[in-house]
Structure formats: structure tokens, C-alpha cells
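K.L.:
Chain residues, written in single-letter form:
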Amino acid sequence: MTHEYPNQQAYNDEPLIVRRHILDLLLPAVWSLIMLLPVSLSYVVFQAVGITSDPAGVLAIWIFSGLYIVFVISFFMTEWTFWYQDAWIITHDRLIDIALVSLFNRRLSQLSFNQIQDIQVEMKGYLQNIFNYGNINVQSAGRQSFFQLQSVPRPAGLASKISDKSLLSQQPQENNNVQQKVRVIKPSHRIGEILVAEGRITNEDVIKALQLQPGSGKKLGEILQEADKITRQDIVQALASQYRIPGIDLSRYDLDGATVRIIPKSIAQQYLAIAVDRSPDGVISVAMAHPSTELVAELMSQFDQPLTFLVADEDYIKEAIMTYYPLELDENNDN
Amino acid sequence: MNILISIYIIFFLAIATYVGINIFHLVKFRIGFRGDKTNVAIGLYIAIVIGVITISWIGGILAYNQLLSTT
Chain A
16 MTHEYPNQQA YNDEPLIVRR HILDLLLPAV WSLIMLLPVS LSYVVFQAVG
66 ITSDPAGVLA IWIFSGLYIV FVISFFMTEW TFWYQDAWII THDRLIDIAL
116 VSLFNRRLSQ LSFNQIQDIQ VEMKGYLQNI FNYGNINVQS AGRQSFFQLQ
166 SVPRPAGLAS KISDKSLLSQ QPQENNNVQQ KVRVIKPSHR IGEILVAEGR
216 ITNEDVIKAL QLQPGSGKKL GEILQEADKI TRQDIVQALA SQYRIPGIDL
266 SRYDLDGATV RIIPKSIAQQ YLAIAVDRSP DGVISVAMAH PSTELVAELM
316 SQFDQPLTFL VADEDYIKEA IMTYYPLELD ENNDN
Chain B
9 MNILISIYII FFLAIATYVG INIFHLVKFR IGFRGDKTNV AIGLYIAIVI
59 GVITISWIGG ILAYNQLLST T
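Respectively, the protein sequence lines represent chains A and B. For the first sequence, the positions run 16 to 350 when the numbering used here is used. For the second sequence, the positions run 9 to 79 when the numbering used here is used.
These are computed hints drawn from the structure, not numbers from a lab. C-beta: ideal position from N, C-alpha, C; glycine also. Since no wrong hints were added, every one of them can be taken at face value.
Computed from the model, here is a short list of chain A residues facing chain B with C-beta under 8 Å: (1) Val73; (2) Leu82; (3) Phe119; (4) Arg121.
Extracted from the complex, chain A is given alone in its bound form (with noise of 0.2 Å):
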């Protein structure tokens, strides 16, 4: 047997289709019957009106009634379609979103596991919570920020099958950095728009934000957070998202004093960036507070060695410059 969805590729696994929760095709069904009740109505205004004694009216009622039985069923027909090929297709290594916009209008996209960043379950209200179904939501640090599995059955345990899946994708890579070309990062959107998409704050929000960055020297993160609508670990992952890297959240780990210090201080101070680890093959990864383009080649300039990059939070990266780095003698105090 072939699987023929799109850009597939040889798969040793079964690879498994989500579709949303059969009780979606309610609605639909419940609107099918409504549309039908005119077919038995019309027989008795019909009556009232004469034309159920004529043979030719009698006939007409009947043809033109099966006629419009067959385009009630052919509209459920339509959002039964919409319901059996709007699917998530999970391979062994990514997943797949086969989204039905509206009739001849498919769109896909896919998703590798190794970008998975967070997961999130949500199960809303009485029926969903009855019947077992909701939405997964799937964060990743790939041009689609934002994977949503709507209300399909049984998410909690489809949401850790997912999550082992991107581990195990994970592990090997790490293995394999050493082969790993440093990568130059553009941003894919525009934090504002991340942050909004992934439900963290309004559009409401982003307009006020960026009404009072004028002057302010201040970055659009920092105003949001200032405001209390974003927290810093928010601007971290929204920063991952955007530049599609990975976000480190430096509290957790234990850095090594050598490690860090591969960076020199100045450049370390000047860009906010501190290494964190460097493999065994040699690969430093580089932890920096804001990323960019220029930024990145810049430290690619500075070092030999391959790099992977990493976004954390400012204020722990500063935390690492003060505690890693030796003070420097204050010249003007030595005399």
C-alpha cells in the first residue's frame, strides 16, 4: 500500500491520521434534518393551496421534493468532506497539516518534530470534556509558528505521543552537530504578530505598545512587559519563534566559568551573548539576548569553531557576564 499525501517520503511506521472529533459533523447533520422539514411541510400547504388534485402538481411535488432531498444530501456530502480531508497526518518524523480552506482550496504544511518547542493540550467546556476531544497546540521554532490539532479525539494522549516523538527526534541531533553548518537566522515574523498569534496578547495590545515605542528607546518586548501583558520568558520564546532557534532558559542551567569565557568579554558585553556549551566536537553554542542577522554574522567572524545559536533571557545573561568574567581594575582607581 502507497501513501500518497504530499512530499512523502519511504516510512517504516504506519504514519497515523487525526481527524477532528465525529461529533463536529453535529452541527452539519442538525442543519441537514432542519432543511429537510420543508419536503414534509410543503405536502400540506400544497393541500391548502389545490395543487395536490391536479395529477401534473402531484408529480411535481414528488420530482422536484427528490431533487431537493438530493442537494440536502449533497450539502452534508460537502461538510463531510471538509471533515474527512481536513486531517493531521503524523509520520515518524514530522507533522503534517492538511487544511480544506474551502472547496479546491487545500493547504499544507508540516511541521519536523525536532522543532517542536512546547505542546499544550486545551479542552474546553461540557462536550469536549464529556466526549474526550480538544485542541493541541503545537509551538515550534519553524516558519509556522503555530500548529493548532483542532478538536480531535483523545488529545492528552495524542499530545504525549507527539512530544515523544519530537524527543526522540531530538536526540540524534544533538550527536550530529558537529556536522551541523552554522545556519544564517532572519526573523520570520514580526514579534508583535508571534506574540499575538500565539494568543500571549491582543492586537489591542501590540497597537498600544507601539504607540508609546516613539522616543522610548525601548523595544517592543520590553514596553509589553513592562505593561504586564508578556512575562520575560514570553519574549524569550517569542524571540525563538521569530529567528526559528531554540530559547534557553539560563535559571535552569549550570554553566561552566571556562565555557562562557570562550567569548571574550567585550564582545560578550557589547552583544549580549555568552557561550553556554560547547560539545565534544567542538560546537560552542552561543546564548544571546537579541538576536540578528548581523549579530550572528558577526560572532561567525570571531570564531573558527562552528557555532549554534541560542536565545535567553537579557537579564540572566548579564547575571553570567558579572558572575563568569573577572573584574576588570579600574585604571583611574589604581592611581
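The hints should help you fit chain B onto chain A, whose structure is shown.
P.N.:
Relative to the frame of chain A, chain B by itself:
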């Protein structure tokens, strides 16, 4: 009667187009995998559509003849 049949043909063609679009969409955008029910769905759909049209015609002709014989 001629007018009735003409109007019926117009409506029939419109509904037939809709049914055709549904079937074409199902075939064109099918996701091929083990356990795919597209063929079953199309078969069932066509059978129901033909069944409803046929029954409506048979019912209509029977009622037509019954009324003619009683009047």
C-alpha cells in the same frame, strides 16, 4: 407539462453539477492511506442520489396515475 419538465431539467442539471463537484473534490483531494473510505463514501453517495431520484419519479408517476384514474 412541458414547462414542468423543462424547469425540472434545469434544476436537475444544477443539482447534478453540485453532486459532480462533490465527487470530483473527494477524488481529487483524497488522502491515500490504509483504510481510506473515499471509495465507499462515493459509492454510497451515488447510490443514495440515484435511489432518491428514482423513488421520487416512481412515487410521482404512481400518484399521477392514481389521480388520473380517480378523476
